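Undergrad: What follows is the residue order along each chain.
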Amino acid sequence: MTFHQPVQDTPLLRVTGLTKHYGARIGCADVSFDLYPGEVLGIVGESGSGKSTLLASLAGHLRPEFGRIAYDGRDVLAMSETERRRLSRTDWAYVHQNPRDGLRMGVSAGGNVGERLMAIGGRHYGDIRAKATDWLGRVEIAADRIDDRPSAFSGGMQQRLQIARNLVTAPRLVFMDEPTGGLDVSVQARLLDLLRGLVRDLGLSVIIVTHDLAVVRLLADRLMVMKSGHVVEQGLTDQVLDDPQHAYTQLLVSSVLQV
Amino acid sequence: MTDQAYNFAYLDEQTKRMIRRAILKGVAVPGYQVPFASREMPMPYGWGTGGVQVTAACLVPEDRLKVIDQGADDTTNAVSIRKFFQRTAGVEVTEATAEATVIQTRHRIPETALSEGQILVYQVPIPEPLRFLEPRETETRKMHELEEYGLMHVKLYEDIARHGEIATSYAYPVKVEGRYVMDPSPIPKFDNPKLGGNAAIQLFGAGREQRIYAVPPYTQVVSLDFDDHPFVASKAPHDCDLCGASESYLDEVITDDQGSRMYVCSDTDFCATRQEAGHHGRLGVPQFSSKKIAKSLEGFCAAEGVTE
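The listed protein sequences derive, respectively, from chains A and B. Take the first sequence: its letter number 149 is residue 148 in numbering that gives the first Met the number 0, and every next letter is one higher. Take the second sequence: its letter number 83 is residue 82 in numbering that gives the first Met the number 0, and every next letter is one higher.
Hints are computed from structural coordinates only; laboratory data are not their basis. In this text, all values refer to a predicted model and were calculated from it rather than measured experimentally. Some hints here could point you the wrong way.
[Unchecked claim] Now the stretches of chain A that chain B is said to cover, found in silico as 3 or more residues with beta-carbon under 8 angstroms:
#: 1; region: 70 to 84
#: 2; region: 106 to 115
#: 3; region: 209 to 215
Ideal Cβ positions, reconstructed from N, Cα and C, are used throughout, including at glycine.
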């Protein structure tokens, strides 16, 4: 299910032959794909299939041994650390599975959202606060909670706060690592609905890692299926889910519980 | 007279040389925290072991030393450190700011303007300004390296969100020469404007944390703030009750359990000098002066071996 405008023809992110080993073990091997502006790419696979390794390598948290990552025509792996960190503060965003990893738990909700603004030079308190209030509204957190700490929030609210904190600088590329993990199904549904709206409105490019096929069915335009560090199948989401070709994908699709 | 059991100024020459190297590096890179091999000193951490080591490395026999604790010359910390250097280095000591060549201070900058040739040594408990926001040392070092100081403003943001103004009143973060963000040690933010453009060399020593940093003379030091919430060097809105000074930093002293209180200069030398010059405050002619008390007790508790 896609709602956005037709994608442009130059890829935002071009990944070729990305390989990351943990000693002798394979983290992920020879992964190549293009991500176009406004496109949502889902990565699915069982635990240990290398999807989180892949995401961390893409986002610069891990250093892959081989391969190239080109963002907007610039070689990410050849960048200086200053440049890469600036990129990850402005153009990129990373939504952690556990909001505790992505939030500052000792800092108020407003401060959490404002941090990225201040990191890129925001020095006007009134402006920062207005923007934070606006973003809390967009992720359906009441404005009067702006001075509460995330520890006073429910799990779903924390996750929404983490999303607001990441999107406030209007990034172009968002990495999400199981954003709905650990939430109950009704909260999951609302979060997915919210994410879908934000992705559509802001024209974000997203790489979303999950083991939940319902999440990718709802959000992703394209799908990559990983097993043992390798990509075994990729294609349009509906195509892959409705007509899986690889044996592992068939197994994955057929193991979804029906209520 | 020096206690001959010790090397001059307590530390051995190799240690002083190592500390001087760290000081020189600190002066060359203003605001940068230089690691040094802090020694065990004959006083507990938190009592100024960092400042004492820096002072020991700077002292020469011709120096005149002044030691203050919260501005006062006659509080425990100041008295014991002064006595320590009288005994181990045999240097002259003084309470007059203008006469001192080396001033070791805890949590204040003297009111009297410092001049070229003077060295001001600060005792620093926690040198890392980002510590309470980012507990990982590896990460804060990276942040200094890459000049990622947005987080410092998050702290100020939190202040305004919670208190309506920047409530940080001491250890107020500053940016040195447009590069490093520095913790000026827990001096009141009233003293922050004196950090920049100061004629004296300012050295900061953190013993437990093993860091030395410096602000060379006439360095630009800017207190961080927001455009719509500018930095204000605040003090209690009173005059000194002893000397009547309106422009000095004040201590509040509770005088009984009926809510009476008085405000006195935290800089005792400044206050006493003014009183001697005939100024007096709300409480009229002073009933006591720290200098007079010190003089009257001199015969009883002057440091051993001190020759006047």
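Undergrad: For the region 209 to 215 of chain A, does the count of residues with a C-beta closer than 8 angstroms to a C-beta of chain B reach 3?
TA: Since three or more residues must qualify, the claim that chain B covers the region 209 to 215 of chain A is violated, with 0 doing so at under 8 angstroms.
Undergrad: Quick one: see if chain B covers the region 106 to 115 of chain A, three-plus residues with Cβ-Cβ under 8 angstroms.
TA: Satisfied; 7 residues make the cut.
Undergrad: Against chain B, does the region 70 to 84 of chain A show at least 3 residues with beta-carbon separation below 8 angstroms?
TA: Since three or more residues must qualify, the claim that chain B covers the region 70 to 84 of chain A holds, with 3 doing so at under 8 angstroms.
Comparing the model with each earlier hint shows a violation of hint 3 alone; every other hint is respected.
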